[in-house]
Amino acid sequence: AAALVAAGSARADAAMVEEALSKLIGDAAVEDGAEIIRLDLPQIAENGNTVPLGVSIDSPMTPESYVKHVHVFADGNPRPDVVSFHFSPKSGLAEASSRMRLAQTQNIVAVAEMSDGKIYRTQAEVKVTIGGCGG
Amino acid sequence: MAKKHKPRVKAPKSASVGEVMEIKTLISHEMESGQRKDRATGELIPRQIINKFECKYNGETVFSVDLHPAISANPYVAFYVTADESGELEFLWHDDNGETYTHSQKLEVA
Numbered sequence: 001a002a003a004l005v006a007a008g009s010a011r012a013d014a015a016m017v018e019e020a021l022s023k024l025i026g027d028a029a030v031e032d033g034a035e036i037i038r039l040d041l042p043q044i045a046e047n048g049n050t051v052p053l054g055v056s057i058d059s060p061m062t063p064e065s066y067v068k069h070v071h072v073f074a075d076g077n078p079r080p081d082v083v084s085f086h087f088s089p090k091s092g093l094a095e096a097s098s099r100m101r102l103a104q105t106q107n108i109v110a111v112a113e114m115s116d117g118k119i120y121r122t123q124a125e126v127k128v129t130i131g132g133c134g135g
Numbered sequence: 136m137a138k139k140h141k142p143r144v145k146a147p148k149s150a151s152v153g154e155v156m157e158i159k160t161l162i163s164h165e166m167e168s169g170q171r172k173d174r175a176t177g178e179l180i181p182r183q184i185i186n187k188f189e190c191k192y193n194g195e196t197v198f199s200v201d202l203h204p205a206i207s208a209n210p211y212v213a214f215y216v217t218a219d220e221s222g223e224l225e226f227l228w229h230d231d232n233g234e235t236y237t238h239s240q241k242l243e244v245a
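As they're listed, the protein sequences go chains A and B.
No gaps in the numbering here: position 69 of the first sequence is 69 in the working numbering, and each next residue is one more.
Each number in the working numbering corresponds to the 1-based position in the second sequence with 135 added.
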C-alpha cells in the first residue's frame with residue numbers, strides 16, 4: 001500500500017484532489033470510469049485562462065436510472081475544485097460543458113455519482129502553454 | 136450594478152413533448168478568483184465569483200452547477216433539458232456578494 005501512495009503523490013496537489021473528493025463522497029467505493037465518463041478536453045491548451053471542459057455519460061436519464069452529479073477537479077491549480085454539475089431525470093442527457101482556468105499542465109479528474117449509488121472516476125491530462133491564474 | 140452582469144441565454148422558444156433541448160448560458164462576470172494580487176498594493180484581491188447556477192423549469196430545479204474560482208471569467212454553462220409541458224424556463228446566477236441575477240423566458244411545448 002505504501003508503494004501505491006508514493007506513486008500517486010508525484011504532484012504536490014494530487015492529495016488535495018483526494019481531500020476535496022472525500023468531502024463530497026466520503027469514503028464510498030470508486031470504480032474505474034474510463035469507459036463510462038467521456039471527458040471533452042483539449043490535449044493542449046494555449047491559453048490557460050479559458051480551457052473548454054465538457055463531460056458526458058451514456059445514461060437513460062429516467063427516475064429509475066440517471067446520473068446525479070459530476071464533479072471536476074484539477075490537480076495543478078491553487079485549489080483542486082473546478083465545478084460540480086447536478087443533473088436530474090429531466091436533464092434528458094448527462095452532458096454539460098463550461099470553461100475553466102488552468103495554472104499549468106495538469107490532470108483533470110472527473111467523478112460521476114449515479115442514482116444507484118455507484119461512483120466512477122476518470123482523468124485526463126491537459127498541457128497548458130500559458131497558465132491561467134496570473135495577475 | 137445589476138446591468139453589469141448581463142445574462143445571455145440561448146434556449147428554444149418552442150419544442151415538442153419529449154424533445155431534449157440544448158441550452159447555452161453565459162453571464163458577464165469577472166469571476167475574481169481570490170488568488171490575484173493588486174499590483175500597486177501587493178494585497179490579495181478578495182474573491183468574488185458566481186458560486187451557483189440553477190435552471191428551473193416551471194419552478195422545479197432541473198439542472199444546477201456549483202462553480203469554483205477555477206471557472207473562467209464570464210462563466211459559460213451549456214446543458215440539456217427535456218421538454219414536457221409549456222411554461223417558463225428560469226435561470227439564476229448566485230454571486231458571492233449575495234446578489235442573484237435572473238433571466239426567464241417562455242417555452243411553448245406542443
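Keep in mind the hints are simulated off the structure, nothing from the lab.
Warning: the hint list may mix true and false statements.
[Stated by the list, open to error] Straight-line C-alpha distance at most 27 Å; calculated BS3-like pairs for lysine-lysine:
hint	chain 1	residue 1	chain 2	residue 2
1	B	Lys172	A	Lys90
2	B	Lys191	B	Lys148
3	B	Lys159	B	Lys241
4	B	Lys139	A	Lys68
5	A	Lys23	B	Lys187
6	B	Lys145	A	Lys23
7	A	Lys90	B	Lys139
8	A	Lys68	B	Lys191
9	B	Lys172	A	Lys68
Note that the coordinates shown come from a computational prediction; the quantities given were computed from them, not determined experimentally.
Each hint tested on the structure:
1. Note on Lys172 (chain B) and Lys90 (chain A): the hinted pairing is violated, with a Cα-Cα distance of about 42 Å set against a maximum of 27 Å.
2. For the given pair, Lys191 (chain B) sits about 15 Å from Lys148 (chain B) by alpha-carbon distance, which is consistent with the 27 Å threshold.
3. Restraint check: the Cα-Cα separation between Lys159 (chain B) and Lys241 (chain B) comes to about 16 Å, which is no more than 27 Å; the hinted pair holds.
4. This hinted pair does not check out: Lys139 (chain B) and Lys68 (chain A) have alpha carbons roughly 33 Å apart, beyond 27 Å.
5. Of the supplied pair hints, the one linking Lys23 (chain A) and Lys187 (chain B) holds, its CA atoms being roughly 18 Å apart against a limit of 27 Å.
6. With a C-alpha separation of about 34 Å, the suggested pairing of Lys145 (chain B) with Lys23 (chain A) is violated against the 27 Å cut-off.
7. Our distance criterion of 27 Å between C-alpha atoms is broken by Lys90 (chain A) and Lys139 (chain B), whose separation comes to about 32 Å.
8. Between the alpha carbons of Lys68 (chain A) and Lys191 (chain B) the distance comes to roughly 16 Å, so the proposed pair stays at or under 27 Å and holds.
9. Pair hint Lys172 (chain B) plus Lys68 (chain A) does not hold up; C-alpha atoms about 37 Å apart against a cutoff of 27 Å.
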